[in-house]
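Take the two lone chains, each set in its own frame, and fit them into one complex as the hints suggest.
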Amino acid sequence: METQTIKNEQNTTTVTERISGSEAIVRCLIAEDTKIIYGYPGGAIMPVYDELFKYQDKIHHVLTRHEQGATHSAQGFARISGKVGVCIATSGPGATNLITGIADAQIDSTPMVCITGQVFSHLLGSDAFQETDIVGISTPVTKWNCQVTKASDIPAAIAKAFYIAKSGRPGPVLIDITKDAQLDEFDFSYEKCTRVRSYNPVPKTEISSVEEAAKLINAAKKPLVVWGQGVILSEAEEAFKAVIEKAGIPSAWTILGASAIPTSHPLNVGMVGMHGNYAPNVLTNDCDVLIAIGMRFDDRVTGKLDTYATQAKVIHFEIDPAEIDKNVKTDVAVLGDAKASLELLLPLLNENSHPEWRQKFADLYAIEYEKVIKDDIHPTKEGLTMGEVLHQINVQSKGNAAIVSDVGQHQMIACRYAEFNKTKSNITSGGLGTMGFGLPAAIGAKMAAPDREVVSISGDGGYQMTIQELGTIFQQKAAVKVVVLNNDFLGMVRQWQQLFFDKRYASTEMVNPNFVAIAEGYYIKARKVTKREDLADAVKEMMESKEAYFLEVCVEKEGNVFPMIPTGASVSDVRLE
Amino acid sequence: MSTEKQLYTISVYTENNIGLLNRISAIFQRRHINIESLNISPSEIDNVSRFTIVVNMIEVDVKKIIGQIEKQVEVIKAYYHTLDQVIYQISGLFKVKSELLFEEPQIQNIIKNSHARIVTVNTDFFVLEKSGKKEEIAELHEQLSVYGIMQYTRSGLIAVTKDEMRISELLETYNN
Ligand SMILES: Cc1ncc(C[n+]2csc(CCOP(=O)(O)OP(=O)(O)O)c2C)c(N)n1
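Heads up: the sequence lines are chains A and B, in that order.
The opening residue of the first sequence carries number 0 in numbering that gives the first Met the number 0; numbering runs sequentially from there.
The opening residue of the second sequence carries number 0 in numbering that gives the first Met the number 0; numbering runs sequentially from there.
Honestly, the hints are just simulated from the structure, not real lab data.
Backbone N, C-alpha and C fix where the C-beta goes; we use that ideal spot for every residue, glycine too.
Heads up, some of the hints might be wrong.
Restricting the straight-line Cα-Cα distance to at most 25 Å, the calculated cross-link-like pairs of lysine-lysine (BS3-like) are [what the hints assert, rightly or not]: (1) K76/B with K328/A; (2) K70/B with K82/A; (3) K240/A with K203/A.
Beyond 12 Å from chain B on every Cβ pair, some chain A residues (computed) [what the hints assert, rightly or not]: (4) K82; (5) N96; (6) K214; (7) N217; (8) K338; (9) A339; (10) N393; (11) K421; (12) I466; (13) V510; (14) G520; (15) A535; (16) S544.
In isolation and in its complexed conformation, chain B is listed as follows (with noise of 0.2 Å):
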């Protein structure tokens, strides 16, 4: 087992109901851990949430992290995965102003060769959306910085796993 601390993903798979949120970060809460994004969405199975959380920790930690979210009533699984066993992403958007798109050639550039989508664009500003890897979205916002970015935000990471997880099966399991 590594012992060095590394960002894993964690997901939960859970009911979906009010207070859960509170319970499963007041796991992390009681023990100092930091959560670094916190995603929560419908999942592929009706009416089961999935929670998307990234920490950063060693192991053992996780794995006693794990059995206490799994021990909330209405959670049905929880796992974790380092994010080489999963395939992410990471969307980013930025606000800059409209002038720069024709006054600074280098900014259509950038747009092309980062692949960044424009959402939008009106008289005084548009927005630019980017999904990928921390590190592309990063870098994007350095280069759109030297020409000042009205607004920015990132969404938590999103991830799905590169092995199965058999949650349809393990609920057929708990209805038997």
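Chain A extracted, bound-state conformation (with noise of 0.2 Å):
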């Protein structure tokens, strides 16, 4: 290898090496401090993943069983780490396969860099094998994207890439790069990026907005915090809690907000949203300063717009201009780094309690308890309840596992009712809604927090789309506890056939194979519970087995998800059966 060395403008020496293109990939892979990628190969990323069996020491690859899997792992990774998570695939099929993770990934905010292979440049638009316009396909998806068909300009995109990714709102990008950029070779440096001209990652906060909040805040008599994932991401959880415990705010959380403060803080009542918690969906329409933190006011938070917390003055916290004011009209929009805001607000906070607005709180609570919330983990009729499954897994994790879910009712019961006490434990797809996300993003999970316990609970419908990553598992010896939550049906679905379709249970009926077998056929332990006697057990075996485990159970049927806020009607329209 050729090496040379060049002086620039600032004097300074920047070692230059004549390498091929796929070899700057993977060069620059390492400067980011990439140390595992998950993809799947093919004709156009070739030249790859012959450097990345070179660098095998360096980088871990991890073959998925499916682009999408590769998707879904990084992203799993990226949520338990705070780091961005890496995934390549091949051009044609095997890009169009990433999408579904893509699309997932921008709407969680999840900084993720995939790299895909795309044909010779002469025959870019040629309808070439295996080509596609990933560049064009992935544009609505992603936060940035680009075509790079010069070797010599893949250190700039990559670099562009990492920092775009993680930066400010976090978000997935995509860098397409051709065969012929992959094999030529070109004088390789790196630089990383730490800016980009037209871009402006953190609003700077001022404190003006900080000091208007403030006021509103300490005047208030029924103030309600409702956060999101903005206070994980900005890492700003002991600043977030600090606020609200001087200042005395009942806190509730939205799906990607939960963990960011232990499950147990008395302060914290519960999720908000479409199944959220009563207390926190009714009293949003009480409050007279309601405050969002990190949060969007998605539709499934707010249900109908036009009756959301009308009474309420509107604090929004929030580092992406764009979301103010779209959905809910804000009083006082507080714009930056969650975690720098909540830092200046602090000092400005009278030291409140607030007893009798707190009691409210507890007064709802106790209503949900008879009605949903003791029915559902100590139940007393037959039939095992996804509920109970829950409890059995915090009484063995004791709160501190990563609890990665599917998407459908055991994903709403997984969020209701599993006990958080780190940051960073609660993985699921929350805008997208993305079924077969579980599973995959367990994978991730467990390879970035390997001394975590990563527990992935699914339905028999969402399993079944990635089910084949169970592979993924077997050869990477991950030690992932898979939890199938059985009940024969697509039960998210079949509920709302029940509710607002008399019981026509159109296709949602599922005819399911042998789970145990095939985990079996995969060499995972695993095991079958019908009855609740054995349950117990059953997790507590589980959650000791130091390698991988598949436990089945077979729940109730037709049982509900409760509270749940019809679409369309108010927050305060909670409906508790």
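As structure tokens, this is what we get:
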């Protein structure tokens, strides 16, 4: 390998080496501290795979069983570690298979860098074999994307990709690299990107807006905080806790905000939204000041907008200016990084405890407990409930597990009942609601945090959308605990059919295979539970296992998730039955 | 804030990169907003492009659109203005049979009164260019239609604002 040294303008020395584009790709990933990547090979990305083979002591490549699995694994990796998840795929079908995971990462603000191979640049636009316009296809679902057709453009593109993916409001980026760019040689050097001219990722917090917010909060008689993932993404957990403790504000979370403060925290009043808790939903329409922190007023959270918290003054702490007034009109917008803003807010707050107001939450919780929770987690009738499975997992994990859920009833139950002691412990597909997310995301999470207990919880439907990733678990020896809550139905859709379509169960009943045999076919230890008396023991056995473990629990077929805000209803019209 | 639909010009300063047109037009498409006219050209700053987009919307929605546009990594800044806050021009081209120029005396008057410019004349046809407000071009179109127009096309609206935009200053703050 030819090495040469050149002097640049600042008179600092940059070492350049003549290497191929594909080697450059791998070297750039290493320079960005990438230790694990998820992907699937193919013709247009083969030069990169060849380099990965040579650099396998530096980067561990995980062969998933489907490119969608690679994206979800990269997402799980990113969500539990706070780092950028990386995945690669070949052109054409390999690239299009990434789209679901990219869309999921975009709406859930997950930092991810995807690299796709592309046909030779002279073939672009000619409908060549395995050519697709992946840059065009991925444009609406990426934070940024680009196509590279020259080897020498690779380092700058990758540096920019990492910077954009992780800065400000994080998100997925995609770089499509033609095969000739991978093969050509050029003088390589790498410099991390720290700035993009047109991009202002973190608006600076205006102290005047913080002062206004503090004034409103100090004057509030019935304040309510609703926090979202922004608290976790900006690592504001401590500042956040200090703020709500000082001002004594009951605080509720969106599905992606879960675990930012422990479930047991006395000011944690539960989840908001369609299947959220009774008290925070009802009292949203009673509070006098609503403090939204790092959340985006998703329609699943707000229900009908024109009756949402109309009595309240709204304060919105947010990093993304486009979210301000997008759905809910704010009285005070505090733009900026949540951690920085909350740290500025803290000294301006008066100490408070709002005992009467907090009692209202306790009273409504008692009603929810009697009508819903008791029967969910300590059922007395026949038929296992999803809630009692979660309860057993809590008992065995003592709240220290990361829970990765798929999408459906079990997801809502998992988010409602899982107990969390640590932040970044609730990994689920929030904004897109992608069935098939759970299992591969759990693999990524476990590989990013091997010391943590990672439990994936899926329904029988979503599990079969990415069931092939059991192969990845087996090959990687990823000690993921896989729980399938089997109700032989696409449960969540069936629930809607029951409630809103006169029980016409159109195509929601599933005839399922022998799940235990399938897991065992992948050499994964497996067990099936059909009776309540076996549940605790099975969960204990699973949690004590040092290796991957599959547990199928056959739950009642027509169980429903309550509370529920029917679509189009107001949050205070939440139904308990 | 005005709650009536009216024409707004949206001016977007961007990096000069492939793919941005797609990203920006997708923002309108997703929200089912019809773009009345679109023009992209270099701006007063090197390597910075300027989009001028005309839409018929209510102001709150324009504001939201601006937020979504500015969120794109390669967008430097976006502004919106009502038509009376900008100085704008549209250009129309009319292709007309040459014989009319000589056989219809009225045509000469139309050209003169409308301040249209003759771009080219040959034995078969001549081409008229008229810049101005939408109504002025529409009026010329109406007058010529009586005699027959062989081809007609109109450009997107281009505009400069009455107030300053301070893009260079903004870029400097980005640099620091
Ligand atoms: C990829 C995808 N397809 C369809 C849906 C619509 N959907 C939402 S929940 C659900 C049913 C999920 O059933 P299952 O995985 O068995 O979980 P359960 O609700 O029974 O817990 C469906 C089909 C979706 N969210 N994602």
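Now for the hints, and whether the structure bears them out:
1. About 23 Å separates the Cα atoms of K76/B and K328/A, which keeps this hinted pair within 25 Å; it holds.
2. Under the criterion of a C-alpha separation no larger than 25 Å, the hint pairing K70/B with K82/A is consistent with the structure, at around 22 Å.
3. With a C-alpha separation of about 22 Å, the suggested pairing of K240/A with K203/A holds against the 25 Å cut-off.
4. Under the 12 Å C-beta cut-off, the non-interface status given to K82/A relative to chain B holds; the minimum distance is some 20 Å.
5. Annotated as non-interface, N96/A keeps its C-beta farther than 12 Å from every C-beta of chain B; the closest such distance is 22 Å.
6. Even its closest Cβ contact with chain B, about 25 Å, leaves K214/A beyond 12 Å, as expected for a residue assigned away from the interface.
7. Every C-beta of chain B lies more than 12 Å from that of N217/A, the closest at about 30 Å, which supports listing it as non-interface.
8. Taking the minimum C-beta to C-beta distance to chain B, about 21 Å, the non-interface status of K338/A holds against the 12 Å cut.
9. Its beta-carbon lying about 18 Å from the closest one in chain B, A339/A satisfies the requirement of being farther than 12 Å from that chain.
10. The Cβ of N393/A lies farther than 12 Å from every Cβ of chain B, with a closest approach of about 39 Å, so its non-interface assignment holds.
11. With a cut of 12 Å on Cβ distances, K421/A stays outside the contact zone with chain B, its closest approach being about 31 Å.
12. Interface exclusion of I466/A from chain B stands, the closest Cβ pair being 33 Å apart, more than 12 Å.
13. Residue placement check: V510/A keeps its beta carbon more than 12 Å from all beta carbons of chain B (closest about 38 Å).
14. The non-interface label for G520/A is consistent with chain B: the shortest C-beta to C-beta separation is roughly 43 Å, beyond 12 Å.
15. Interface exclusion of A535/A from chain B stands, the closest Cβ pair being 49 Å apart, more than 12 Å.
16. Distance check for S544/A against chain B: the nearest CB is about 45 Å away, which clears 12 Å, and the non-interface claim stands.
The structure meets every hint from the earlier list without exception.
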